[in-house]
Amino acid sequence: MSWSDHLTIAPIVIPLLAGILAILLGERRRALVTAIGLASVLALVVLSIGLVRIAGGDEAGVVRVYRLGNWPALFAIVLVLDRLSALMVLLTSLLGLAALVFSLARWHRAGAHFHPLFQFQLMGINGAFLTGDLFNLFVFFEVMLAASYGLALHGSGTARIRAGLHYIVVNLTASLLFLIGVSMIYGVSGTLNMADLAVRVPAVAAEDRALVETGAAILGIAFLVKAAMWPMGFWLPATYSAASPPAAAILSILSKVGIYAILRLWLMLFGDGAGASAGFGGTWLFAGGLLTIAFGSIAVLATQTMARLAGAVVLVSSGTLLAAIGAGQVAVTGGALFYMASAVPAIAAFFLLIELVERGREAGADVLAVTREAFGTGEDEDAEEEVGVAIPATAAILGISFIGCALVIAGLPPLSGFLAKLAILMPLVSGAGGIAVGTWSLLAALVLSGLATVIAMTRVGIDAFWAAPAASIPRVRIVEIGPVLLLLAGCAALTVRPAPVMAYMDATARALHSPQAYVRTIFPDARLPTPGAAR
Amino acid sequence: MEAIVSIAIGILTGSGVWLLLRPRTFQVIIGLSLLSYAVNLFIFSTGGLRIGAPPILQRGEAGTLAQYADPLPQALVLTAIVISFATTALFLVLLLAARGLTGTDHVDGREPER
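Keeping their order, the protein sequence lines are chains A and B. Under my numbering, the first residue of the first sequence is numbered 1, with each subsequent residue one higher. Under my numbering, the first residue of the second sequence is numbered 1, with each subsequent residue one higher.
Since the hints were derived computationally from the structure, they do not count as laboratory data. Treat the hints with care, since some could be wrong.
[To be verified] The following label-pair restraints were derived from C-beta to C-beta distances:
| no. | chain 1 | residue 1 | chain 2 | residue 2 | range |
| --- | --- | --- | --- | --- | --- |
| 1 | A | A302 | B | L96 | 31 to 37 Å |
| 2 | B | I4 | A | A205 | 23 to 29 Å |
| 3 | A | L24 | B | R110 | 38 to 44 Å |
| 4 | A | E27 | B | R110 | 28 to 34 Å |
| 5 | A | L17 | B | L78 | 24 to 30 Å |
| 6 | A | A492 | B | G103 | 47 to 53 Å |
Glycine included, every Cβ here is placed at the ideal spot set by N, Cα and C.
Chain A extracted, bound-state conformation (with noise of 0.2 Å):
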């Protein structure tokens, strides 16, 4: 094994070695813990694009399994690196960057250990990406979970502990539902290995097979409450509009791990080549994507604040993604990865920049107030508020900013959203035959939710910028605005050079729907039906 081989573990191994030391070093040394958690997200930044070109290497993409101590797949748990994997990592990487910087200017110091919370909720997700173990997913689910309860718990306060509490109970629900779909699919199958699953449900006995799909089912569930699947999400807009702004940037991909476990399982399982069970559940996805969009639409239109409207803006875009992955068509999966890697930034970039803007105004400063109260920190910090410069051009920084986001977000021109909403329709509306009845109702919805996105978008933007009293230009400081730009500038990025990021989505997809370079890596002599053979 070379030293290259062990890239695969490194997402998960430095943030855990990062959190640790913070936790060792405490909350005296802030200035040494900043300097670990700065140095593991820079690391895992450069890891995380290594990693990228390493699982695009190549035509018919690269697989990398990594095995835990060793022991053969069937017998230990493999970490997993192939495109998409890489491509989710590399999207935590650049929130955990942004997130991070954004928090130095204050929020890390709103409360105990935001460090060593953040370095393990970075660990959990990236966790979650590079397992291909069903059980392992669980436990790195549970890993990222237990993080995000406290960074959403992160600066106190009464709103953040209510939405807290139903945040907690409604996940741990889902994480029983997960214990009881792995064990149903387990009692089953006789593995836990998703390769070995992808080889072994088409072989399911006719009379088991509605136990897996039951199991499977469940499974989905606990998938789609994190995914904040209507009826499953209304716990998403208020924690994550109560949560401080860097929690809420990395929560929101956190609601895209439960988007990348269906894409993954249900195309793995159920995909073409999965015989009696082929395609099961996508109609399901597809409805609720759809239902999903409407609720997020309603709730967009219905907001009266930014970070609720923020909130509501990931429900469209869960919905979004569903859908897209729902139709199950290679060329929409996609461009629903493309729409995935511009409305993720865009969406945490809005949160961030949420806060910047309602700085001048009553109802963000007192937030903040309370938790100074609560934590007692108020003289030293205010003493250092004053070296944020009021320069003028603030104002029109911010403006910028919320314009750029407002584009991605809705999808409109000239920026990546836009490109992303054209990728997932084009290859709808352009396939031979005609147009069915489902896929009007994704394209009607996909219009409709950017119109209605934009109108609050609108709305909220002449609100914060124009009609407010310009007595109180907001203090910034540029460690906090320059990871908003970074962000943006990700998605201007996409913009300029679509091509060769749409050409990895694809063939991303086009890996997802087929899964069997991914089984053979793992089991090189398993036999995986082909697609369509076994109907």
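Start from chain A and add chain B according to the hints.
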């Protein structure tokens, strides 16, 4: 034995779900605990319920589940117990924080209007 275990799981799940839907945080936490017991028993039973079967193979035996009890569900249960224990402890802390900050033990943080 299957009947007894499944009835036990059913009763635990039923009581757990009932308590989970109650408005007081303490009822919710007990409900979650009961549910996690039910799930642990359920995982345990997916390996097949057997009495007196050794958890490991004898030397020289061929490896089929006919000879030994499946050890994997037991390992899964162990992991699940640890995790649910930790999350319950975390939830307990939050429950106390909510009680202290809001002055009520209602899950919404305020008493419903009558």
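| field | Index of numbered hints that the structure contradicts, given in increasing order | value | none
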